[in-house]
Each structure stands twice: as C-alpha cells, then as structure tokens.
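Make a model of the complete structure from these sequences and hints.
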Amino acid sequence: MLDYEESREVGELRLQLRNLVRGHFPASFLGAFTSDPADLELTESFCRTLGEQRLLTLAWPPEFGGAGATVWQQTALREEMWAAHEPRGAQYMGLNWVGPVLMRHGTPDQKRRHLPPIAEGNVIWCQGFSEPDAGSDLPALATRAVRDGAGWRVHGQKIWTSYAQMAQWCFLLARTGPVKDRQSAITVFLLRMDQPEITVRPIESMLGRHHLNEVFLDNAWVPDDDVLGEVDRGWVIVQDVLLHERIGIARYARCDRLLSLAPAMLGPAWEELPAALRQRWAAALVHTRQVRMLAYHVVDSQERNELSGVDAAAYRIAVTHLDQEVAEVLADIVDGWSIGTSDLSRVFERAVEDHWRYAQASTVASGTTEMQRRAVWKGLDTE
Amino acid sequence: MKAQLSAEAVEFGRNVQAAIRELGGIDAVRKADERPAARATEVERVLKSLGMWDLRPLNDQVELEAAAAACRGAGWHALAYPLAERLAAPPEAEALMVVGPGRSVAPHADLPLRWAAVDPRGNRLTVLRTGPLLLTNLGPFVAEVEVEPRAETLPRDTALVLNLQIWWLTGLLERCVAMTRQHMTERHQFGRSLAVNQGLQFMVTEAVVAVRGVVELAKHTSWSISRVDRERHWLVDATGLRLAGLEAAETVLRIAHQIHGAIGFCHEHDLSWLSRLSQSVRRLPLSKSQTEELLLEMMTEVGYDGIFPLEAD
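Residue numbers (this note's numbering), protein chains in the order written: chain A, 1 to 383; chain B, 384 to 696.
Keep in mind that the hints were calculated from the coordinates and are not lab data. The model shown is predicted, which means the values in this text are computed figures rather than measured ones. Do not rely on the hints blindly, as some may be mistaken.
Far from chain B, by Cβ distances over 12 Å, these chain A residues were calculated [unchecked claim]:
1. Glu6
2. Pro26
3. Ala134
Quick list of the computed label-pair ranges, beta carbon to beta carbon [to be verified]:
4. A/Glu383 x B/Gly644: 21 to 27 Å
5. A/Glu370 x B/Gln673: 31 to 37 Å
6. A/Pro202 x B/His571: 33 to 39 Å
7. A/Arg54 x B/Lys431: 55 to 61 Å
8. A/Ala365 x B/Pro484: 44 to 50 Å
9. B/Gln572 x A/Gln16: 57 to 63 Å
10. A/Glu370 x B/Gln565: 42 to 48 Å
Ideal Cβ placement from N, Cα and C applies to all residues, glycine included.
Right, here's the structure in full:
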C-alpha cells in the first residue's frame, strides 16, 4: 500500500541538518569550490562537526562505525546536503561510494587504513576513471599498470577528474592486460596522490574550481597492498560503483528548494512576472515532485531487491533534464541577475547563477543521458 | 514510505485488463463506435462480475488503489466507458462528470446514468441535460451537456475523478509504448529491423521516461486523496498530475505516431484508436494551457508541498 508520509525520525533528521547548516555557513554559501578558499575551509570544519555527531557516516553499517540509517534517512541526508550546496564538499564521494565499495571488496588491512579517515572526514578521494579516449566507453581505457617488484608502476592520463588537486587518494582504473581484452583486463588501484610521478593540471571551466582536472601518471607507484580486489577483475568493482551511483546526487532537492524560495525571494516583484513564466515555474514544481517520486520508487525497489535497470536509468534521465529545465526557469525569473554578480547580498540570484552553470553538466557527468537511454532500451527486453 | 500499490490492487488491475481483453480489447472500441448506444451493456456486466461497483475508493485506501489499477488496466484497451467517472461518483449518483469553463461537453455523458457534475475547481454543478454524442473523429464518445452552478463543493470527489482519468490515460500511454516497440521489431526498412536504429530507440526511451514519471506522480496523488488530513492538497495535487499526464500524452503520442508512420493514422491500426480516444482526457475538462493557469492559481492559494515549504499567499 502506498505511503509517502515521512517518519518522525526522518523529519527530525532534516531539522537537525538544516540547523547545523544554518549555524555553520553564511546564507551566501554556494559550495566548497568557489574562488573564496574560506568556503573550502568551512566545509572541512563542517565535516568534522558531522563526524562528531556521527552524521557523516549515517548511511554506513554499524560495524564500520556508521549509524545504520534507514534508506529513507539516507535519502533525506542526500536531499538535504545537495539542497544546501553540498556542505560536505568533496567528502561526499568517499562517504557515498568509495567507503562502501571498500567495505565490500577491500582486504581487512585496506579497511583498517582507509575507512576511518573517510569516516572522520579527514581524507579526500578522487575518481580516476575517464581518459581522453575513454569516456562513455570506459573499457577503452589505456592507462597501463605494469608489475614492478612488490607493486605496480602506472603510466597514462586521466581527465575530468574532480578534486584531483586536493585529493590524497585516487580510486584508479588501469589496464593490466591487452586493450583488446576490454573490461576483462582492468584492475582497481588505490593510488596515493602525493608522489612526484603524478602531475595534476586544473582545467578552468564554467563549472567552477576543482571540478575538472587532468592527471598525468608517469610511472606512479602502487604497492600490492593497495590493489583492490583481484588483478584483471576490476570491472566487477566498477559495476558495483555504478550500482551505488544509481540514485546518485539528489538533484531534484536543490530544484525543490530554489523553486520554493522564488516567490518569497522576489517579494512584490513576483506578481509582476509574466503569467506565462509563473506557469512554467508551477509546472517545474510539478516536474520536481514527479522526479522525486521516481527517486523514491527507485529507493523503495532497491530496498526490496526488485529494482529494474529501466527505472534506475529512467530516473537518471528525468532528474538531469529536470535540473536543466529548472535552471532555465530560474534564470528567467531573476532575469539579468542570472549572468552573475559579486554582490553577496544577492543570495538567491547567485544561487540561481550557480545552479544554471552546474546543471549544464548534469546530462554528461556520471554517465551521459545517452548511456542511460541505452540502459533503458536494453532493460525493456528483460522486464 | 512505500511507493508500491498494494498487491491486491495490482492483481485487480490485471484482472480488469484481462477481462476487457476477453471483450475484444480495442476491437470492442471499434464495435462501440459502430453502435455507441449498445457499448455499455457488456462492459457493465463484466465489470460487475469483477466486483467493480462494490469499490468505495474514498472509504478505503486499498479500494482507491484498486480503482486506480482498474482504470490503468482499462486504459490499456482505451475502454470506451466512463470507468473513472463511475468510480468517483458521490453516493447519490452513478457517475461524476467534470465540465470545464469552455465547451459544455463531457466524455460518455450520453450514457443513461445518474450523473453528478463538478467543475475543475470542485464546485458542484446541476446537470440539466445530457446527450447527444458529438460523434466526431476525435471525440466519438463525447456528449453535449447542459449544467448550471450550484452552491456546493465536492473537492475530494473531483480530485479523485481527475486522478482516475489520468490513471486511465497512463494505461493507454503504456500500450502506445509497447505497441511502438513491437512495431520497431516487426518492421524492416533498408534491410534491417527498425529496432536496431539508435535514433528510434532513443525516441522510445523518451516515451518510457515520460510515462514512468506520470505513474509515480499518479501514485502520490492517489495516496494524497486517500488521506483525510490532506484536504487542502487534494485538488492542487490532482491538477498538477493532470498537467503531467497531458505533457506525457503529447510526448508519447508524438513519438508513437512518428515511428509508426502512415499506418498509425489508419483506423485499421489500434494506434489510431488510442490516439483519438486519448483526446477526451487531454482536451477536457481543461486544455493544457487552462490546466497550467488553474495550477498556478491553486498553488498561489494553497501552496504545493515538497521537501521545502512553498507557503501560500
């Protein structure tokens, strides 16, 4: 039977998180990756605060120091954090999937070394997947790892690597067999980033600082202890990572927040907007709820081990398109302010500008819309 | 939270779909088009045998979900019968029609039922006269009506009928998608199956995303209507759903027609019937633009609940 009533625990968690964010960040906060280094520092101290209250690892199982939260508490956490411009900064990646994947595939030693720093918010990970010639076609990756004594030497190039400049560790895919073997000759390496054999080149972009980098690996060293899973069997782990990203970022939550704020933020000017624009705003709110319900269907199905690949991919398509639709509606609502201002008191307008820039990448990042469409089409045959 | 219809409701919906298939499915619509006056007899008998008229959707959530699943199953065959309108009837009537501010017509209003009427805001109307059918290409089962205002409101019943109409439309759209996939497998052009053309595959996925989004929103709306404490949300939720349903219909039928090509316009093909019968829900009681206008008014009056509060004026 249908039930969309939020439990008291989830409601309390939302309130607790909103109060923490409100107490820790100025209203003008737009995420860790701005031109102001103070923003990054604020996210780091916020993570420590969350860590102290065991909120950082809310979703982790108790045996790894987590709170064993329900899937709906985890959903609320994802929503609240994204709506507040991800105040955990780059930590979300370690918490959301690097940690959980290590729990399932790591050796006892790897878990002992890597999980506590993630849980405490003391380490930043980056994801070394994409390469210049291996984007959507990830099994075409050419970065090569060659055995060298008690470890491996890695040579190649990664690209679009978020947070690579600040990361201490990289979850890296490298080829340990011939390119023609595609996914059957790929291994996952846990790579230390502080080596002279690694060069990171930031790529300036419309998304903001730290989002895009190139990483050049010139015989970088990985000891055997930091090979995750079996050699040549890394693709199994990649599939697990992708499963974890099926829900991904709760983009609809920021859409919900910004759309809901719009009338109050505009004040009397709201009524002066063209009726057609306010109707687009109303429709966007409906679409936001629609996508939220798609997300809840995916969460609910996953919880019951009944998740269809079609539903997961359909949700991903819908949420990314929503992000861009809402970006356009909001940009119209704030008119000329949508191209940016340094006036920090223009909190809403700056949030809209930030949202628009970031939304442009949503149909490309973490699996393009086209890859999701392929998944929908293929999945229809097996439903 | 639970985002699944109850198992009993899903089973009931399957039984309804199967029973209507036994009646001829879309061929039954063709027959109804030839002899519209006789279209209700067999349908009513079959639906009665399934226990349809015992459902009290506003008394029990499982029964509301069963009504939703039944309408979805009926929509799969474009059933030419006012199932949503009958299931949403207030106690003293047999069916509830929604009459918009424009042309005074309603689907199936020619059938000799005790009709109650409302406008899309839930204001009650007195039915002065019903019938005859328009018998147009796009509205073969739409009839003229004459109504006048009455000082009474039926917000929950109105939300229910709007919700169930969209469930019916959802079933119809799901059929369009399935039919289009089948056509792509069977039809060969340039020496290969249409199904291997990625451009066409991607068009179908657009339709799939559109329909699944409406299904999930329809579930939420049904739940909302089942909750007595959500009185202020019933109509805005149903109106928002109506808009989403109309948008999905536009997407799905545009794609289904494009991929089918000329055959899809022909009455010998089922798509023509699905497309034309969808019109009565898509254009009545409000056009898409009128729905958008009403939605904005309602959101301004009562808000729209999400993760973050949208306060009403």
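Now the hints, each set against the structure:
1. Glu6: 7 Å, violated
2. Pro26: Consistent with the label, A/Pro26 stays out of reach of chain B, its closest Cβ about 19 Å off (over 12 Å).
3. Ala134: 20 Å, holds
4. A/Glu383 x B/Gly644: 21 to 27 Å: 26 Å, holds
5. A/Glu370 x B/Gln673: 31 to 37 Å: The hint (31 to 37 Å, Cβ to Cβ) holds, given that A/Glu370 and B/Gln673 are roughly 36 Å apart.
6. A/Pro202 x B/His571: 33 to 39 Å: 51 Å, violated
7. A/Arg54 x B/Lys431: 55 to 61 Å: At 58 Å between Cβs, range holds.
8. A/Ala365 x B/Pro484: 44 to 50 Å: 45 Å, holds
9. B/Gln572 x A/Gln16: 57 to 63 Å: 59 Å, holds
10. A/Glu370 x B/Gln565: 42 to 48 Å: Violated - the Cβ-Cβ distance for A/Glu370 and B/Gln565, about 24 Å, lies outside 42 to 48 Å.
In terms of the numbered hints stated before, the structure departs from hints 1, 6, 10, listed from lowest to highest.
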